[in-house]
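Q: Please model the entire structure based on the sequences and the hints provided.
Chains A and E are the protein sequences, given in the same order.
Following our numbering, the numbering of the first sequence begins with 9 at its first residue and continues without gaps.
Following our numbering, the numbering of the second sequence begins with 9 at its first residue and continues without gaps.
It should be emphasised that the hints constitute simulated quantities derived from the structure, not laboratory data.
Check before you lean on any hint, since a few could be wrong.
If several chains are the same, the list does not tell them apart, and a pair holds so long as it fits within one copy or across any two.
What the hints assert, rightly or not - List time: in silico DSS-like cross-link candidates among lysine-lysine, alpha-carbon distance up to 25 Å: (1) Lys109 <-> Lys14; (2) Lys14 <-> Lys63; (3) Lys169 <-> Lys14; (4) Lys17 <-> Lys63; (5) Lys169 <-> Lys17; (6) Lys17 <-> Lys56; (7) Lys30 <-> Lys56; (8) Lys109 <-> Lys169; (9) Lys56 <-> Lys14; (10) Lys56 <-> Lys169; (11) Lys152 <-> Lys197.
There are 2 protein chains.
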Amino acid sequence: MFISNKLEKLIESLSRFPGIGKRTAQRMAWYLLSQDQNFALELAETIKTTVQAFKPCSKCLMLSESDPCPICSSLMRDTDSLCIVESSADIQVIENMNEYKGLYFVLGHLLSPIDGYGPDQINAAALSQRVAQLMPKELILALKPSAEGEATIHYIWEIFKDKDVCITRLSTGLPFGGDLEYSSSNTLKSAWERRYGV
Amino acid sequence: MFISNKLEKLIESLSRFPGIGKRTAQRMAWYLLSQDQNFALELAETIKTTVQAFKPCSKCLMLSESDPCPICSSLMRDTDSLCIVESSADIQVIENMNEYKGLYFVLGHLLSPIDGYGPDQINAAALSQRVAQLMPKELILALKPSAEGEATIHYIWEIFKDKDVCITRLSTGLPFGGDLEYSSSNTLKSAWERRYGV
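A: Printed below as a string of structure tokens:
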């Protein structure tokens, strides 16, 4: 094959991103090669300086350039609610919604013992500590509805169920704009069971 | 917003890739931040060394680490056919098919006067020169079926129509595995007009 090792390696690295298949990685690699070289060199530099600048916030564990992160250090946030998410990326999605003004805590992983993610990997001790310190009125479990998400929700609920805090989780059901026809049976079942009066 | 300039810039750069939307770029950026830093640093280095190593081949204009490229310098290729493609990435797709053993020529762009891509931008002079030098029996126009592709096919046909060379283009029709229901009317029309006996 005429593909060089360098190019193979670039394609392989790009295809390690979630949601990027081999074909997309190939297109990305060739795009990098075919553009003005400055685009690729600047991208390489941006990747380097960005990852070197970001560290977990010591309060919420979100990856941030400053410690505490801008959210934890803001005086405008409502300290009565703590939203628990899997990753820093989830915080960006929730912030984009422009609805929630409370604080966050990043687990880093969902509970999945067979993959080696136990209580230590989901930062359970740091979470307990943060909750004891903040004493929020509500813990919002914004975790994905999956086997791992459910296990994590149950695990966190066990920790805090006897504490004086309201524990909520996001609603499950049909995604907005989603066709019934393309819904998984789990999604449909959940929407069915949780149907409400109009 | 809590998103830093560095991260914004990384997301913006990643979303410049074809087929990568804002959301995918966000996920990629956060993935870079959340992985072991070595992954990101190695990726940055691979991007840099790869784009610096690749230059257009002086014969076919494919981006390659060597000049002439491995295909032009191979003694195993059939010099009787020259396949004309838009980009180096297209060559990889055709090579993966493992069917064609001839040579290539990369236009770099399709003809699109309103976007500023005229005969000079599609390397028409270099193509004429390459054809005069090689004297292939067949020119295979492997260009995409679109307004720009059709214009380019017509333009190249005009250049070589009186020369002693057979000019072919790829068949148009339904993609393999494609549902009629999801085909565009242009695709269906072309499949209909070019229907053949079973």
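Q: Which of the numbered hints above does this structure break?
A: 3, 5, 10
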